[in-house]
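Asks: All chains should be modelled from the sequences, with the hints used to inform the complete structure.
There are 2 protein chains.
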Amino acid sequence: MAKFIRIDMGTRTAEIGACPEKYAGLAGRGLTSMFIADEVKPTCHPLGKYNKLVFAPGFLTGTSAVNSGRISCGAKSPLTGGIKESNSGGSFSQKMARLDIKALVFEGLPADGKYAVVKVDKDGVTFDEAPAEIVGAGNYDAIKVLQDKYGPKVGVALIGPAGEMKLSAANISFADPEGNIRSAGRGGLGAVMGSKGIKAVIIDDAGASAVPIARPEEFKSAAKRFANALTTHPVTGQGLPKYGTNVLVNILNEAGGLPTENFRRGRNEWANNIGGETMAATIEERGGKTTHGCHAGCVIRCSQHYVDKQGKYITSGFEYETIWALGADAAIDDLDAIAYADREYDEVGIDSIETSVAVAVAMDAGVIPWGDAKAALDLIRQIRQGTPLGRILGCGAAAVGQMYGLTRVPVVKNQAIPAYDPRAVKGVGLTYATTPMGADHTAGYAVATNILRVGGFVDPLGKEGQVELSRNLQIATAAVDSTGMCLFIAFAILDIPDGFNALVDMINARYDLSLTGDDVTALGKTILKAELDFNRRAGFTSAHDRLPEFFEEPCPPHNTVWDFTDEEIDSVLAF
Amino acid sequence: MAKFIRIDMGTRTAEIGACPEKYAGLAGRGLTSMFIADEVKPTCHPLGKYNKLVFAPGFLTGTSAVNSGRISCGAKSPLTGGIKESNSGGSFSQKMARLDIKALVFEGLPADGKYAVVKVDKDGVTFDEAPAEIVGAGNYDAIKVLQDKYGPKVGVALIGPAGEMKLSAANISFADPEGNIRSAGRGGLGAVMGSKGIKAVIIDDAGASAVPIARPEEFKSAAKRFANALTTHPVTGQGLPKYGTNVLVNILNEAGGLPTENFRRGRNEWANNIGGETMAATIEERGGKTTHGCHAGCVIRCSQHYVDKQGKYITSGFEYETIWALGADAAIDDLDAIAYADREYDEVGIDSIETSVAVAVAMDAGVIPWGDAKAALDLIRQIRQGTPLGRILGCGAAAVGQMYGLTRVPVVKNQAIPAYDPRAVKGVGLTYATTPMGADHTAGYAVATNILRVGGFVDPLGKEGQVELSRNLQIATAAVDSTGMCLFIAFAILDIPDGFNALVDMINARYDLSLTGDDVTALGKTILKAELDFNRRAGFTSAHDRLPEFFEEPCPPHNTVWDFTDEEIDSVLAF
Chain A
1 MAKFIRIDMG TRTAEIGACP EKYAGLAGRG LTSMFIADEV KPTCHPLGKY
51 NKLVFAPGFL TGTSAVNSGR ISCGAKSPLT GGIKESNSGG SFSQKMARLD
101 IKALVFEGLP ADGKYAVVKV DKDGVTFDEA PAEIVGAGNY DAIKVLQDKY
151 GPKVGVALIG PAGEMKLSAA NISFADPEGN IRSAGRGGLG AVMGSKGIKA
201 VIIDDAGASA VPIARPEEFK SAAKRFANAL TTHPVTGQGL PKYGTNVLVN
251 ILNEAGGLPT ENFRRGRNEW ANNIGGETMA ATIEERGGKT THGCHAGCVI
301 RCSQHYVDKQ GKYITSGFEY ETIWALGADA AIDDLDAIAY ADREYDEVGI
351 DSIETSVAVA VAMDAGVIPW GDAKAALDLI RQIRQGTPLG RILGCGAAAV
401 GQMYGLTRVP VVKNQAIPAY DPRAVKGVGL TYATTPMGAD HTAGYAVATN
451 ILRVGGFVDP LGKEGQVELS RNLQIATAAV DSTGMCLFIA FAILDIPDGF
501 NALVDMINAR YDLSLTGDDV TALGKTILKA ELDFNRRAGF TSAHDRLPEF
551 FEEPCPPHNT VWDFTDEEID SVLAF
Chain B
1 MAKFIRIDMG TRTAEIGACP EKYAGLAGRG LTSMFIADEV KPTCHPLGKY
51 NKLVFAPGFL TGTSAVNSGR ISCGAKSPLT GGIKESNSGG SFSQKMARLD
101 IKALVFEGLP ADGKYAVVKV DKDGVTFDEA PAEIVGAGNY DAIKVLQDKY
151 GPKVGVALIG PAGEMKLSAA NISFADPEGN IRSAGRGGLG AVMGSKGIKA
201 VIIDDAGASA VPIARPEEFK SAAKRFANAL TTHPVTGQGL PKYGTNVLVN
251 ILNEAGGLPT ENFRRGRNEW ANNIGGETMA ATIEERGGKT THGCHAGCVI
301 RCSQHYVDKQ GKYITSGFEY ETIWALGADA AIDDLDAIAY ADREYDEVGI
351 DSIETSVAVA VAMDAGVIPW GDAKAALDLI RQIRQGTPLG RILGCGAAAV
401 GQMYGLTRVP VVKNQAIPAY DPRAVKGVGL TYATTPMGAD HTAGYAVATN
451 ILRVGGFVDP LGKEGQVELS RNLQIATAAV DSTGMCLFIA FAILDIPDGF
501 NALVDMINAR YDLSLTGDDV TALGKTILKA ELDFNRRAGF TSAHDRLPEF
551 FEEPCPPHNT VWDFTDEEID SVLAF
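Protein chains in written order, with the UniProt record's numbering: chain A, 1 to 575; chain B, 1 to 575.
There could be a bad hint or two in this list.
With a Cα cut of at most 27 Å, we get these calculated DSSO-like pairs of lysine-lysine [unchecked claim]:
#, chain 1, residue 1, chain 2, residue 2
1, A, LYS289, A, LYS153
2, B, LYS114, B, LYS49
3, A, LYS463, B, LYS41
4, B, LYS242, B, LYS309
5, A, LYS3, A, LYS122
6, B, LYS242, B, LYS289
7, B, LYS242, B, LYS312
8, A, LYS49, B, LYS463
9, A, LYS41, B, LYS463
10, A, LYS122, A, LYS22
11, A, LYS463, B, LYS49
It is worth saying that the hints were derived from the structure and are not from the lab.
Replies: Structure, rendered in structure tokens:
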């Protein structure tokens, strides 16, 4: 029977119970969001005793379904003040699923202010003091110490120095199968983990049985059809494996939607120097890996090992959004410098999007010069040092904007707007404005249909069709985020109907259900409604669903402006 | 005919028109709040082009009515994100009134990023570049430079370095009749002034006629009765003139409501060292002034000249709330050190309450040691230097709390809670929670009835009667803030009915009206409703009307907790 584990960090005790009936039909984001909406006081301080942190694998996690190893983390966000689900790769989720743990809930605050390592295995939950050498240390070293102590194959969730300092953009880091780093990046959930005195959570699935499948033959057949959809779709079968997500730099630059110099324009002259094609060629020339999965069973393999000139590993999971933010938004025309910054973000445990956008805002404020790679790296390293400037940066773009008195601060609900200009990719602009998560491209990735022509085509520069596009993608995403699947499967299932059917079939076969596509839509709506309701009780209104006023300025080269009316924006999630 | 002046800082042009009909019956806070609610886009960036800054004298300003010289400043607040009225003494308001200017409105943003001095006199409005020596300079020197240039008697409103840096707690400073400094302190309106490129506004009333009085004999008689009430009431006639507002330190300490060490307890052992009695004795011994008015015509004279051991002026307007915040909340047992800090706040132009509470939060975070006067002064001086830490401090208590990951952050709507613990003076706690201004004791000073037994008595430690008390005081205050009167007149008019009647009679005689006490109440309600409606449109809900959760902890010595239900809190302004 699926376990539901509540851990009180005040008493360092665990209560291992059966999953409550109301959460039995939920997983991933569906479970984390319904739980937070049920149990967390919406007006609470995100770092205080009333907040809770919950981890949940998806419906299909732990099975042989490809790309199903994502872990959902949920809490009230210290960055946005609203509900937050942030998910990540790594091996944590699959091990949780194999231990048949539906959710791990962390409550309370530590009595002594010390950091614990919480270990979960088939025998239960144990608490150790965090080894002194990992407190304040970078995440790469900390993972080594933890895997030396607890076993080389254990799943690890941990916070770095940013989470220890409870900075608003601190992430939760996860070890991937090679001991490198994956992140639940957005919304500062690492600060919540830090506030609860949790340095790391170890999942050891030794002795666990395989995940049970109710109708195994049906599952096997559906899993094959599903994998086939992923490997044959041009985005998931070719573009992402070959160039990683960074394939988008040149595409967005061409589309005029690559925000440059703190969102002053949507195209620049140096984009190809930092683009996916250049990156892949560089990695190949240096003997790194151009393709690599963040969790076992991934067939998209959009990760890579980015290496230095001597072929030495610098970073992996080197994403388009990070490269955009430093490479275009902060005008740093140097992939190596950006790779070292990405490494530092992983070491300190901080959101690479939020922090990089904050670097660009700091440049706009004159803190450091535009495009100065060395100054940017020095600035980013101040986070780990805990200097006042490092703390400002580590609290995100809005904090930099406030401390330096700027109005050109690209945030919604206090969270940085990512890599697609909302004036040139208007569908994703509606997602930024309305998602309960704060500005987040992954919450309803209209870039797919606006730019990549996946799932049809809606003109990125026009308003027509965008409300429905953002709405439908947000609903679908809330459901996909509940499956444990990587969101990139959406490219394939939007275009290949049998891919979507196979996904539903796998869930049905796993749990002996008979869900239809309509049930998936209904689930997505239920999740969004719960999230919106939490935010309403936390004090959010439609006034918070607005982009910053500087998006009224035309964005070159198309010179389009953000021109949705309040009524149009408010209709996106009115269902 | 009363003038209504709109000044566009983008074009540096002024439009001098008649006061619009809808504002003709308003003045002071009534005018500023109705205007902001009418004309400012509630979701705008406070430092952006859609915000407006308005100055307005009160109904009785410029007349011979005692204590009627306050100036109201209004805008959307950079600190709270809500509507803000902040008022001050000085000679600005009386000169505006004598020029028959109902309101001065500043709109737009400077085209060139330069600072202007805007001069207003009987001939109109002129614009000069700010003298280079005052940009970045302290306010005392800047006022000297400006009065040398524009005349020794002109009214001056100006911003210091904090306003130039657009820090969220920057105030607007006003020259008093001696060229010393008074402040519209709360809510960061100095940052709005800075964003509009206004270094100073000069009011020269040379050649202006006396303020017209419709029924002069009636006015004269009422003014006499009114002055009589102020001079005979024990608070306004004795306590405040003798000890200043700092008379409250020992009173609140005795009452167990003097927040000490970041609101950990309500009483301490050193209070008398920083109290009003000690302060008055020190000033007398050193040859300073124990009593002094902030504007011409003040009979309460609660200000003073605090001097050093050599008798040299350090500061004036040295208020209880500032002395409490550094002296008890930050545990600095040294009046001289607090006086130097107060001087620095005036020089840099920043809210002494917000910043001092922020100092205590920084001590709680371990940035500097508790009670370390030298470290605190060094920290405060970093604001002027523009260091990252200085900017964090200058953005207030909430910013310090966020950057250092604390939950013990005494703010409501992002504004610091002042000098009265809401667990031991529960009526004012309801005011903190519900006023549209963010935590503000002056918005409904229930301390009067809870502690000073003015206007009756309501037990400070109980809940009974507090909802009505806070409501009635908030309504009355909104009206009083429209008269140009110093709020301290409330002590007298709450206890002496003829004082209140005389106030209404003066307004009637001035404008040839026949208002009653009910009209005054109706005005107060109208103002509050407009302010609440602005905040609602800006995104505020009842979720923002909550005190921080740490007030659930018992507050020694009475060990009472903050125990109002949400429903009770929400009933305060439900009229």
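Asks: I'd like to know which numbered hints this structure contradicts. Please list them from smallest to largest.
Replies: none
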